[in-house]
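K.L.:
So the sequence lines, in the order shown, correspond to chains C and A. Read in order, the letters of the first sequence are residues 3 to 335 in the working numbering. Read in order, the letters of the second sequence are residues 3 to 335 in the working numbering.
Mixed in with the good hints there might be a few duds.
It does not matter which identical chain is used: a pair holds within one copy or between any two.
Unchecked claim - Derived pair list, reagent style DSBU-like, types lysine-lysine, alpha-carbon separation capped at 35 Å:
id	residue 1	residue 2
1	201	299
2	299	14
3	201	128
4	167	14
5	14	160
6	42	299
7	167	128
8	167	42
9	323	160
10	12	201
11	14	323
12	201	160
These are computed hints drawn from the structure, not numbers from a lab.
Residue strings, one per chain:
Number of protein chains: 2
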Amino acid sequence: YEYIEQELRKLKDLPAETTDGYRIALLGNLEFPEEVPSLKEHGGQGVGLYRTEMLFLNRAGGADEDEQFRAYAAMVASLAPLPVTIRTLDIGGDKIAADLHLEDEMNPALGLRAIRLSLRRPELFKTQLRAILRASALGTVRIFFPMISGIEEIRLVKVLLAEAKDELRRAEIPFDEAIEIGIMIEIPSAVVIADLLAKEVDFFSIGTNDLIQYTLAIDRTNEHLAHLFQPLHPAVLRSLRSVVDAAHNAGIRACMCGEMAGEPAYLPVLLGLGFDELSMNAASIPRVKKILRRAAKTDAERLIATLLTFSTVAEVEQFLKAEIAARFSESFD
Amino acid sequence: YEYIEQELRKLKDLPAETTDGYRIALLGNLEFPEEVPSLKEHGGQGVGLYRTEMLFLNRAGGADEDEQFRAYAAMVASLAPLPVTIRTLDIGGDKIAADLHLEDEMNPALGLRAIRLSLRRPELFKTQLRAILRASALGTVRIFFPMISGIEEIRLVKVLLAEAKDELRRAEIPFDEAIEIGIMIEIPSAVVIADLLAKEVDFFSIGTNDLIQYTLAIDRTNEHLAHLFQPLHPAVLRSLRSVVDAAHNAGIRACMCGEMAGEPAYLPVLLGLGFDELSMNAASIPRVKKILRRAAKTDAERLIATLLTFSTVAEVEQFLKAEIAARFSESFD
Ligand SMILES: [Mg+2]
Ligand SMILES: [Mg+2]
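Let's have the full structure, built from the sequences with the hints guiding it.
P.N.:
Below, the structure is given as structure tokens:
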């Protein structure tokens, strides 16, 4: 096992590139600055998902602007010039500070959460936006928004972001004027209108956990239904295909930050679909990179074309398994 | 008001047909045999959604086969030869008899319910299927299944239905060998693979309440989010379009049994999309028929083509409102 660890670390400085020269950026999902050394050791090319929820838990209104700035700045400065992709608050009313006074919700997964909560509390949201913008002066920052379901929401977000920038300009506080913005694609409506949303932002980041949950109407924490939570469901594959295509048709990046991204068995699928960036737990990066470096993009494209012809999950899984054994082996020979 | 009621009743025996000769069948959603006289008075052409949940509430295992048969038979016989479209059990574990011993679910709307529960309890399910099949000997019965999310589920349902038919054949109990089967389209994955599902069944029935809920990830009972529950969201319109098209490409009927079907303001949209059948509360039938009889299918098709070009709900709503005033008036002049 130690031997394997060592070998994986050797991969650190090799490019994440297929045998036919196609590159996918491999980034890390993280939450605390203490995780940065591990991300670097595993060869992460930046942070694809920086979760900010810990700054809002158990305190009224969340951390203030300065405290948020310090947290973001530490992360950004320690990784510069590598990018840090910061996701704005992504929790439900049940988890956030008591001053929101929200009742219990019958179905919290379908409730007032994430961007819906931020738009309900614009001052809270703009405080976070200003803190992120200030950190953008110290390195490469991108910002993205969870649970966008339609055009109106992202346009409203952009209005508030423009206000936050104006406030900083007036106070002569520096920030990256060209900061990129993106949205999570995790709600089925966002998949259906991905072509429209792609015109509004610089990148998509697919959150597969929620996307699968909502697409199949399966609570991913419900153990009775675990067998129905199927990342390889034909509807999920078609959804991923159409989101990546919508992104590329609009000239923007297609990224993934859900658990699927860090699962080596799915790498051939994601490579075939044409993802530009995958973000995962740091520890998964070497294994994914190893498979990527042995794979050919053309094989993966043929694979996905075949997978998309199947009607059932069983057919998809069976074919993928055989292909992995034949063409995308991760054995350490 | 009484004058209006009278005038609407006059519509009872007139066909549900546009000025350019296109017909949509208008049926009723109901639950009890006592509702049949009202359905007939309002000119309903059958039952598009017969809910069976009341036979399962508050009793271990639900009503037995004979009691179910008597309930279905009463409904079917009183309407024959008009069709009665019976939906199999569509509730969650929280609402069904205590003997299921299911824990509380965190998100019941995404939980073990509807067809998932029926497939978990095949004997319970087959009892219902046999009772429905027996009633099919007495008139025109169709059977349909809630919350289908993939091909495997409907195929499993069909295996169990075939077993129920075999059991009746062996017992020499009559039933309609050509009984039609359908599925509710209310889960986003079913929309995405509607072309595949259409090959498995005789009709689709779109449940708009749940379809909108899952597509937008908005709990329809959550008052904080009522403003985000948007039947005219561009993603909803596109979903409806692709489901109707998938049905017609496969030569099967596209029906709707959600609340949208009974709302007169949506009739031009549903007519333009090409629905074959709308099922609603009996009291809504005359108003919907009145608008339908004054409308032209060609106008509605032009309307929907324009609505599908918009990116925001506000644009869709504004244009629709103007069109209704100009071309789809329901004023009683
Ligand atoms: Mg999420
Ligand atoms: Mg439903």
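K.L.:
Does each hint hold? Answer for all of them.
P.N.:
Structure-based check of all given hints:
| no. | hint | result |
| --- | --- | --- |
| 1 | 201 with 299 | both (27 Å within a copy, 33 Å between copies) |
| 2 | 299 with 14 | within (21 Å within a copy, 63 Å between copies) |
| 3 | 201 with 128 | within (23 Å within a copy, 50 Å between copies) |
| 4 | 167 with 14 | neither (37 Å within a copy, 62 Å between copies) |
| 5 | 14 with 160 | neither (37 Å within a copy, 52 Å between copies) |
| 6 | 42 with 299 | within (26 Å within a copy, 62 Å between copies) |
| 7 | 167 with 128 | within (10 Å within a copy, 62 Å between copies) |
| 8 | 167 with 42 | within (31 Å within a copy, 63 Å between copies) |
| 9 | 323 with 160 | between (43 Å within a copy, 28 Å between copies) |
| 10 | 12 with 201 | neither (40 Å within a copy, 51 Å between copies) |
| 11 | 14 with 323 | within (27 Å within a copy, 60 Å between copies) |
| 12 | 201 with 160 | within (13 Å within a copy, 44 Å between copies) |
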